[in-house]
Structure formats: structure tokens, C-alpha cells
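Asker: In my numbering, each residue carries its 1-based index in the sequence shown increased by 927.
Hints listed in this document are in silico derivations from the structure and should not be mistaken for laboratory results. There's no promise every hint is true.
[Unchecked claim] In silico lysine to aspartate or glutamate, EDC-like type, Cα no more than 20 Å apart, as pairs:
id, residue 1, residue 2
1, K957, D1079
2, K998, D1081
3, K957, E996
4, K998, E960
5, K998, E1086
6, K957, D1001
[To be verified] Computed Cβ-Cβ distance ranges for the label pairs, DEER-style:
id, residue 1, residue 2, range
7, N1096, V951, 21 to 27 Å
8, F997, S1044, 47 to 53 Å
9, T1071, T1125, 32 to 38 Å
10, R967, V1021, 45 to 51 Å
We put the CB at the ideal spot given by N, CA and C, even for glycine.
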Amino acid sequence: MDGGKACLYLAFLGALGSFLLLAVSLPTDKMVEATLVDSRGAPVGMVNFGILRGSKSLEDGAGSMEVYEFKVIDEYEDDIHPLIVYISLLTLSVGAISALVAAVLTLVNIFKTIPLSSPAGLIGVFFYNILGAVLATIPVLMFTCVVFGSLDADVTGPEERALGYSTGNLVLGYTFWVQVAAIGVLGLNCGAVIFSLTLDTPAGEEKKDGGDDGMPRLTRTIRMEEQL
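Start from the sequences and build out the full structure, keeping to the hints where you can.
Answerer: The structure is reproduced here in C-alpha cells:
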């Protein structure tokens, strides 16, 4: 196996892994996790949510916890504009699809020689990797701005605020970091594609006329004359 194809194998695994990470993170509710505290600072529950939905657990006064599920649009209707949720959902979905397309094109280029300039060639592989990374970055940035901007790191709902509760310890959940990891892998894939083109026999390019080593016939002739 030449170095170019080895790079493409890595790019294929990376694109496929990124697709799975983005697809799995889409419906989860663990992008933000926070504790809820009362006016004395004592913990009274927890809240976590993602792009679409979330859940919160609160003490019921008898020492047990009651769990409630909610839609982000409804729970934070005064702080998060519905358009932000819809844009985040759309860009993350299309970003995951772009990663899948990149994986398919990479696999095709591993086993079949396709002209570099073709949309299905390495140009296409690079494009869909970078497109997936850019699209997946949009909801991550928007979500961060919302949580630490309009919400000011206070994720208590209207009912909890009425009870005098506030947000205690707030952390970005594993879903957030899963999406960041997927973006990073897609970026590395672009580097792998570029690096494959710098090797002796880049995958996706037809060998030059000359022989099995891919060296142009004229170049080999000149080198032989120099040695003589």
C-alpha cells in the first residue's frame, strides 16, 4: 500500500467516525449540565439540555427527586429565539450528511482512480470534509453564545426562578465536546488529503506514461543518461 492510499484510509475512518459522532449527538440533551441551588446555595436539583430537548430533576420536598422533560424552545422562549434552534438543527444535520458523503467519496477514491479535478475525486473529498466542519461549527458557536451570552450562564427555567433557585456549577456536557471532536477530525481529514497529494504516487491521480513506478518516461531517460 502506498502512502497516498494510507492517508485516504485514515481520512475515510475519520469521516465515518465524524458522521457517527454528529448523528449521535444530535438528539441528546447533554450539551450543558448544571446544578440548581436555592437562596442559601444548597443544591436542589440538576438541569441538562441539548439543541432540541432537555430534562431537569428537582427535589419534591420529601427528599426524593422528580424528573421533568422539556423542549428547549418552550423552556427558554424568552432567552433563545426559535430561529437559533432551527438553524443549529439544520446546520448540524447537513454537517453530518457532508461527513458521510466525504466518507463515501474517500472510499471510492481508495479503490478507483478518479481524476483529481473531478467532483468525485480528491477535490470532492476535501470539499465535503471542510463543508462538514464549517457547518458543524455553526451550532457549537451559537450554542456557546446563547449559554454564556443571552442566558448569562443561568439555565434556570421560569418556574425555578420563581422559587428563588439559581444556577450553581455549570459545565459543557459530553455532547458538546463530541461535536468539537468531530469538527477537529474533519479538519485533520483535509490535511490527510493534502498530504496524500504530496507523496510519490498520490491516490486519485493516474500514473504518468512510463512504467509501474509512475515516473514519466522522459524523466527516467534523462536520469539514465546522467548516470552514464
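Asker: What hints, given by number in increasing order, does this structure fail?
Answerer: Every hint satisfied by this model.
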